[in-house]
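*Asks:* For reference, the chains in residue letters:
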Amino acid sequence: MNLTLTVVLGISGIVVGFLAQRSRMCFVAGLRDWFLVRDRELLLGLFTFVITIWFLTSLFSHLQLLRRGIPEYGEIEAARSVEGVSRGLMKSGSAKILEKGAIESLSPRTNPFVIATFGGGLFLGLISTMTGGCVLRQHVLCAQGNRNALFYILGFYFAVIVYYNFLFRFMVRIY
Amino acid sequence: MQRTHFYLRPWLFGVICGTLFVLLEVFFSFYPPSAYAFCLTCHTRDLVNSFMNLLTGSHHQTAYLAKRVFMVTSPALLIGAFVAARVTGEHRHRKSSHPFFSFAAGFFIMVIGIVIFGCPTRLLIRSGYGDLYGIIAVGGMCMGVWIGTGILRSWARKGG
Chain B
4 MNLTLTVVLG
14 ISGIVVGFLA
24 QRSRMCFVAG
34 LRDWFLVRDR
44 ELLLGLFTFV
54 ITIWFLTSLF
64 SHLQLLRRGI
74 PEYGEIEAAR
84 SVEGVSRGLM
94 KSGSAKILEK
104 GAIESLSPRT
114 NPFVIATFGG
124 GLFLGLISTM
134 TGGCVLRQHV
144 LCAQGNRNAL
154 FYILGFYFAV
164 IVYYNFLFRF
174 MVRIY
Chain D
302 MQRTHFYLRP
312 WLFGVICGTL
322 FVLLEVFFSF
332 YPPSAYAFCL
342 TCHTRDLVNS
352 FMNLLTGSHH
362 QTAYLAKRVF
372 MVTSPALLIG
382 AFVAARVTGE
392 HRHRKSSHPF
402 FSFAAGFFIM
412 VIGIVIFGCP
422 TRLLIRSGYG
432 DLYGIIAVGG
442 MCMGVWIGTG
452 ILRSWARKGG
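Residue numbers (the working numbering), protein chains in the order written: chain B, 4 to 178; chain D, 302 to 461.
Same shape as in the complex, but just chain B:
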């Protein structure tokens, strides 16, 4: 276990939590406010967030300080996880993609993961809109003393245990 990285991650989490509380930032609420009342303030936060990451990633990978890997898995997870197998990463070899340094492109055949990604994103947006905030905002609300958000976080942690002990087998069958 690397203690330095853990401390760095903890400090970054605290900083982000502090800033998120002060700015009331929520990525789903940015889209929701724009769809409902054309309020642009939170949506602007979303766009600056993406554009900053896009710009800095391009800059650092040009300076060769950043390796563009596969965001979903490490190379090792690609062989083991269900979704990695379904994407055919095992066959093509993720190391090959990493060496080329190219941005990964979609395979010509639509694989189950594309549908799962789109549908998952859809339900993520839908449920987040119903509960009134994305995951980041729910954490902030929970820290502010909102009991609904507290139950949300409890369900959040509970789901990990349930998924890996029971649901995982069914997901394998679906894929």
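Simulated from the structure, these hints should not be mistaken for laboratory data. The beta-carbon is built from N, C-alpha and C at its ideal position, and this holds for glycine as well. Please note that the accuracy of each hint is not assured.
Claimed, not checked - Only part of the chain D face toward chain B is listed, based on derived beta-carbon distances under 8 Å:
no., residue
1, Val316
2, Val323
3, Ser403
4, Phe404
5, Val412
Position chain D against the provided structure of chain B, taking the given hints into account.
*Replies:* The following block gives chain D in isolation, referenced to the frame of chain B:
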């Protein structure tokens, strides 16, 4: 109410946090999987699973990074937001109006997050990295929010 404490503009939050997440990966090598500096579902999964692996000796899936680091993002975020709320006096208890719905929503968000690898924040980070799957997921999220606003509108019409 007079505003004594500072209020951060959301666009400034985007710039600061975007910079922070990229710099974390560049200078502290939060590397395999990439774009992994911040994700609430994935980091929570890694935290819970690595604790369960330690306690029960099981072999549940964690990201490669989680073998070196305890992913303390979610508790740290709670602490940071709690400190901010305490300092500015915005911390107050609110009664729960629909606990079971919230619990189920958190449950489903986590399951979806495990399957598609990301909370909304990380989907945006992945799109910024140029991951096509991230962009597809964000497209789906926009559509989901659009449907959700339709439902909210119909609820408001019924109530009012």
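*Asks:* Compare the structure with each hint and give your call.
*Replies:* For each hint, the structure was consulted:
| no. | hint | verdict |
| --- | --- | --- |
| 1 | Val316 | holds, 5 Å |
| 2 | Val323 | holds, 4 Å |
| 3 | Ser403 | holds, 4 Å |
| 4 | Phe404 | holds, 4 Å |
| 5 | Val412 | holds, 6 Å |
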